[in-house]
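*Asks:* Construct all of the structure, not just a fragment, from the sequences and the given hints.
Listed here are the chains, written in short residue letters.
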Amino acid sequence: IHFILLFSRQGKLRLQKWYTTLPDKEKKKIIREIVQIILSRNQKTSSFVDWKDLKLVYKRYASLYFCCAIEDHDNELLTLEVVHRYVELLDRYFGNVCELDIIFNFEKAYFILDEFIIGGEVQETSKKIAVKAIEDSDMLQETVEEYMNKPAF
Amino acid sequence: MPAPIRLRELIRTIRTARTQAEEREMIQKECAAIRSSFREEDNTYRCRNVAKLLYMHMLGYPAHFGQLECLKLIASQKFTDKRIGYLGAMLLLDERQDVHLLMTNCIKNDLNHSTQYVQGLALCTLGCMGSSEMCRDLAGEVEKLLKTSNSYLRKKAALCAVHVIRKVPELMEMFLPATKNLLNEKNHGVLHTSVVLLTEMCERSPDMLAHFRKVRLVPQLVRILKNLIMSGYSPEHDVSGISDPFLQVRILRLLRILGRNDDDSSEAMNDILAQVATNTETSKNVGNAILYETVLTIMDIKSESGLRVLAINILGRFLLNNDKNIRYVALTSLLKTVQTDHNAVQRHRSTIVDCLKDLDVSIKRRAMELSFALVNGNNVRGMMKELLYFLDSCEPEFKADCASGIFLAAEKYAPSKRWHIDTIMRVLTTAGSYVRDDAVPNLIQLITNSVEMHAYTVQRLYKAILGDYSQQPLVQVASWCIGEYGDLLVSGQCEEEEPIQVTEDEVLDILESVLISNMSASVTRGYALTAIMKLSTRFTCTVNRIKKVVSIYGSSIDVELQQRAVEYNALFKKYDHMRPALLERMPVMEKVTTNGPAEIVQTNGETETAVLETKPPPSGLQPANQANDLLDLLGGSDITPVIPTAPPNKPASGGELLDLLGDLNLTGSPVSPPAPQIAQPPFLLDGLTSQPLFNDIAAGIPSITAYNKNGLKIDFTFERSNTNPSVTVITIQASNSTELEMTDFVFQAAVPKTFQLQLLSPSSSVIPAFNSGTITQVIKVLNPQKQQLRMRIKLTYNHKGSAMQDLAEVNNFPPQSWQ
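From first to last, the protein sequence lines are chains A and B.
All the letters of the first sequence, read from the start, carry residue numbers 1 to 153 under our numbering.
All the letters of the second sequence, read from the start, carry residue numbers 1001 to 1819 under our numbering.
In case anyone wonders, no lab produced these hints; they're calculated from the structure.
Warning: the hint list may mix true and false statements.
Stated by the list, open to error - Stretches of chain B that chain A covers, calculated by requiring three or more beta carbons in the stretch to come under 8 Å of a beta carbon on chain A:
#1 1055-1068
#2 1078-1086
#3 1326-1334
#4 1377-1384
Unchecked claim - Ranges between beta-carbon positions, derived for each pair:
#5 1260(B) - 139(A): 41 to 49 Å
#6 1236(B) - 139(A): 16 to 24 Å
#7 1509(B) - 33(A): 49 to 57 Å
#8 1006(B) - 43(A): 38 to 46 Å
Virtual Cβ for every residue (Gly too), placed ideally from N, Cα, C.
*Replies:* Quick look at the structure:
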């Protein structure tokens, strides 16, 4: 996976994870381009778009679009499953996750993603283990904060 | 200084902004606050501030001043700080930033931290965006962690290793020992990441690949896969009834790489592949994802034919699936396999053709490409019908490709000439404006060669443009035909269909309308004018009308038209005796084999040998012009006129026939007169691929000065072909010793009839003064009869504000250049 983008129906970015190095300007341009392409596709079309030398796999969950860019030899159908798994993880962690959760807790969304995918590849296929790792890390966080007697953020 | 506001507060506040300007204002205010807080080196709230900065970064605002702060957070002891610090690093500190390397030490320390979650953070960051230097420095640590028994860390280390290898491939060796017992793990996370690591290694290095085949990796993988399939329900890894599909797919992919081109490995996996292919549930996307990967693997390894048929049938079933994604994936795979397993794919032809009517653009494109791959002599009529219908209704972005594809297929498999011409007509009338530029000369050549169909063709073309002459390629072909075969048209000789009654005047009417119309491109007008001219020898009663039309255009604004009209006028006046000969019917053109624009076309299931795409030269439209010129000035009918190619500002013209890479696609070029070229006999192109075509100049043929007058000097240097002794390549260099430059320089040459000549594009049309630069141009001479080489050259250029022109004969060719 080269990058993952989450954006709303209005095209507002909610999360961006890049597994390749690109200049900031380039990233912004790419995001604009891809958001436009995907938002203009209707229901009847498939979830895959050929874009430059990559394949875009996208799926809409409620008001959020999840988009992954994969290489030519990657399995598109499996990528759909990867996206779905990520949504499931978010759901398990937040409990009935909605877009607002991701907006207000974007850093947690990143943490969860980082427990699921590293360097563009899946690292953990068990939902239980992935979510437990986040929860344990959170515990670590709270403990420290309690000790310091200061609010988190 | 009051405590900085919390992250959530900030988010809430920013979201209340009603306009972009309001938002920007809030952000700027907050940024200022954060900046001053950073300056104060506030440890307690740094984490909060950076988190806010990251939020603003996501909204698109600059956040680079937070980079150093991220570093400080990473170095902190608090876990909360580290978490946000590493997140910030991944977002802001990619390898292009100067401070990126400063992270290295912190990461190194954290890789050895006592808390596994801190180690995890470090591994994750390194594995997502570590630079090559960083990877080099820390590879050792990663390798150590790869051998740990802690599965949480082991899986992350494996993916980190993958990233290191991607960045610094030379380090691959160092991870080899650690891979020994990676697959003995029970933990799926470790298994999955290990398979990814092994895949990466095998893909990158044939040595690694050989090694893993030797240590019997395949049986190990087969066993794991089997366990996954056979084992009962495991809630932890289950997805819709399938156990860990992610791992299954990755194993299948690794098997594919191991089995490729290797009989033993392929043998060992046949059974498991068959098992997966037949037992996997196909009701949900998960199952299909696995089947898809299985099919890809089967097709890529040396599987037995039964298995391959099974795979193609799975794809066939996919094609019938309601889910668009599945259909898409099926078409993509079929496209990859159609060359090798052609007959099996043919069986699904009707389903594929149905996909042409799908609503999804990507599906339609794949279905179209696949359909073209499947056309053969048996199904061509049916397929063409479908494809023509598709051409009618498809999106404009497809029309050009579809039209080209239809032309290609029609050329190869046309059951009859009439069918072929009908098909071409249909394409021209439906998608006339999308047809590629090179289709016009191809079609003209085709029509010329179908001698018995001339009357029919010209009649149909005439009828086609009567109603509508806006589609340029159609009009061009039609004009050309009418010019050539107008006599057949008026004499009503058509056999194939009911001949129409057309008078000469009516024909001229339509050609004149084309000339006048605003819709006609310059090129088209050129065709029309030449056609009218040709009719002067074919028509009997309307010659005066033709003369009038031609003379009107003698003062046309369009320079091309003007030139033609003037020359045709000259033809009427001074050279009337030559007119019939010059405007004679075109002879049947030879098909020339060249490297065509398409890849080598396969036989699509039949047993003929593959035919190279042919690109016959366009008919000599312009020879009529320049022929006049040269004949006029050079006198003597033993010289075959040669047409110089257009100067370099028309990059697509000139020299394509000898463009070894065969890029003959002219779609991008602006509408320009078709590059006129002489038909080259095939042997000039022999030995294209392997051998160098021509000797080095060191072969020792002395160069000559061909011309030296008025400060203009032209030298000839020679090369002979390795493979074909009849070919001589002459490179001319034109230099200018005067104090003013020479512009619009055109070099023309003519050789005796037994020779053939081709001029390639000159390097430019300006010769700078004081010998400070030269124009080079390449001439290729074919001399099959080994006669003494003679050449007449004509030079035109502008110098000191006046147009200069000169003729010369070159007789001092060294014997080595033609013997």
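*Asks:* Quick check on a hinted range of 38 to 46 Å for residue 1006(B) and residue 43(A), using CB atoms only.
*Replies:* Holds, at about 40 Å.
*Asks:* So the hint says 49 to 57 Å: do the beta-carbon atoms of residue 1509(B) and residue 33(A) match that?
*Replies:* holds (51 Å)
*Asks:* When I compare C-beta atoms, does the region 1326-1334 of chain B have three or more residues closer than 8 Å to chain A?
*Replies:* holds (count 4)
*Asks:* Are there three or more residues in the region 1055-1068 of chain B whose C-beta lies within less than 8 Å of some C-beta in chain A?
*Replies:* Check passed, 4 qualifying residues.
*Asks:* Between the region 1377-1384 of chain B and chain A, see if three or more residues pass the 8 Å beta-carbon test, and mark the coverage as holds or violated.
*Replies:* With 0 residues closer than 8 Å to chain A, the region 1377-1384 of chain B misses the three-residue bar; violated.
*Asks:* Starting from the hint 41 to 49 Å, judge whether the C-beta atoms of residue 1260(B) and residue 139(A) obey it.
*Replies:* Distance hint for residue 1260(B), residue 139(A) holds at roughly 47 Å.
*Asks:* Cut-off 8 Å, C-beta pairs, minimum 3 residues; does the coverage of the region 1078-1086 of chain B by chain A stand?
*Replies:* Answer holds; 5 residues pass the 8 Å Cβ test.
*Asks:* Between residue 1236(B) and residue 139(A), is the Cβ distance one that fits in 16 to 24 Å?
*Replies:* Given about 21 Å between the Cβ atoms, the range holds.
In this structure, the one hint that does not hold is number 4.
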